[in-house]
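A.B. asks: The chain contents come next:
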Amino acid sequence: MRSKLLTFIRGSVAIEVRGEKVEWFLNRLLHQRMYIWDIRRKDLETLVLHIHIRDFFRLRPLLKETGCRVKVIARYGFPFWLVKMEKQKTFVFGLILFVVGLYMLSSIVWDVEVRGTETVSRQTVLETAKEIGIYRFQWKFRLDEPDRLAAEMTRRLQGVSWVGVNIEGTKVTIEIVESTQPELPPLVSPRHLVAAKDAVVSQIIAEKGKPVVQPNTRVKKGDVLISGLIGEEGNTQIIAAEGTVTGWVWYEYELNVPLIHKRKVFTGETQERRYLLLGQRALKISGFGDPGFKKSESIFDEHKLSWRGMMLPIGWMHEKVMEVDFVEERLDVEKARRLALERARADVLREAGEGAEITDEKILLEKREEKRIRMKILFEVDQNIAVEQPLVPGMGSNSG
Amino acid sequence: MNSMRRLSKKLRSLGNRVLDLPKDVIFDLPRITMIGNMQLYVENHRGVRKFTPDKLTLQLSSGSLEITGKQLVIRAILNEEVFIEGVVEQVKYWPDFRRND
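Protein chains in written order, with our numbering: chain F, 1 to 400; chain X, 1001 to 1101.
These are computed hints drawn from the structure, not numbers from a lab. Just so you know, not all the hints are guaranteed correct.
Pairs of lysine-lysine residues, derived as DSBU-like cross-links and limited to a Cα-Cα distance of at most 30 Å, are as follows [stated by the list, open to error]:
#	chain 1	residue 1	chain 2	residue 2
1	F	171	F	208
2	F	71	X	1092
3	F	21	X	1009
4	X	1055	F	64
5	F	220	F	208
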């Protein structure tokens, strides 16, 4: 048979055919190749049948021919629906309004999200986005293509190397990749470089500023080495002096080298004690009696009961008392001296700072005693002697 | 003319025997399908002669088909086929309609 959907769309009617020769009428319909269905005999003269609307309008000549009369008793399908709709205009209007409203609401940008900002503020990004038309309650169809928007954003935003604009439904996501900028050199105020210590200048390299001293010059602490005041008299400029100045500095170091070394030794004798812990108190349970150790050390091992992560004031403690003896060792004189000198050099270099170098050392005094050696050493160290001194404009320089 | 017809009949009979074709195709006969006593499907009819809830007479190429039953309804009808529903009690085949009318 034929599709029900097509029948619904085209529309059909149920009709009552009344006449003496309804069978003839039926055969005439078949001859006209009309499709009819659900045919029922109501009574002797009446036939009820279903027919397409299109065919229904072609019935007239056949009715005349067979002398039958027709009456529509029911209507089915979409065309009749339309007629019904026309009667319910308000409803149809509401339906259309609903569909249109839904469409409109879904074509509004409801949310703008910014992702990936660290140093650039979200507010700046949003403001830039607003300038090119991306903002809340904007019509989606008024927005440009996402890639063009992204390009425009990249052009307008500073400190940004890439911007991605993504429109998903009613949400616009702006993704930002910030460009990493090189660290700015720390700002420096005008300054001199002055001597940190009494020294003899070994090398002077002025990157900025005017070198005031020559190598092999003796300087005192506080003397200007590189001046921040440049230019001739009456046409001076104050700058931040920069450069490196190294010089020889002398250190006097006194040493006390012990020749006897005391060492701690465990004898192996131990005593074990056990305690019950109640709050802050410890109650001894076992290990009574004095073991007679002259000197001893103890290792404590504490256990506290806990219940569900809460510490309870109850527990036990284990103590291991170990006897200690001290052994005296006499060191070799030469070895002790060498070790002490090495330690002294390391001390001096640490004090002199980075890049320092010992250029000479002199033993001024060496005195051997029973248990130690006393030494006095003079170190000559080549080290950085420059230190910054801020320059206050207007204050005259005494050595420029 | 008469001999021609006889010849064609002979030819058709021969074709039938040789090719073993269904008889409804060769002799223009109706094909009747019945599903229990509820549905009846008739192909190759020549129109409706009488239709009441108790009795339906279909015209065939030669003869007629009389269906008796209760609450007979023509579910669908096309130029050559008809689909009947209801309680079918009898299907009677009249070889020539002139004799039973």
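A.B. asks: Take the hints in turn and mark each one as holding or not.
C.D. replies: Results for each hint:
1. A threshold of 30 Å between alpha carbons decides the hint, and for residue 171 of chain F with residue 208 of chain F the separation of about 56 Å lies outside it, so the pair is violated.
2. Under the criterion of a C-alpha separation no larger than 30 Å, the hint pairing residue 71 of chain F with residue 1092 of chain X is inconsistent with the structure, at around 34 Å.
3. A C-alpha spacing of about 37 Å is found between residue 21 of chain F and residue 1009 of chain X, which places the hinted pair above 30 Å, so the restraint is violated.
4. Restraint check: the Cα-Cα separation between residue 1055 of chain X and residue 64 of chain F comes to about 27 Å, which is no more than 30 Å; the hinted pair holds.
5. Under the criterion of a C-alpha separation no larger than 30 Å, the hint pairing residue 220 of chain F with residue 208 of chain F is consistent with the structure, at around 22 Å.
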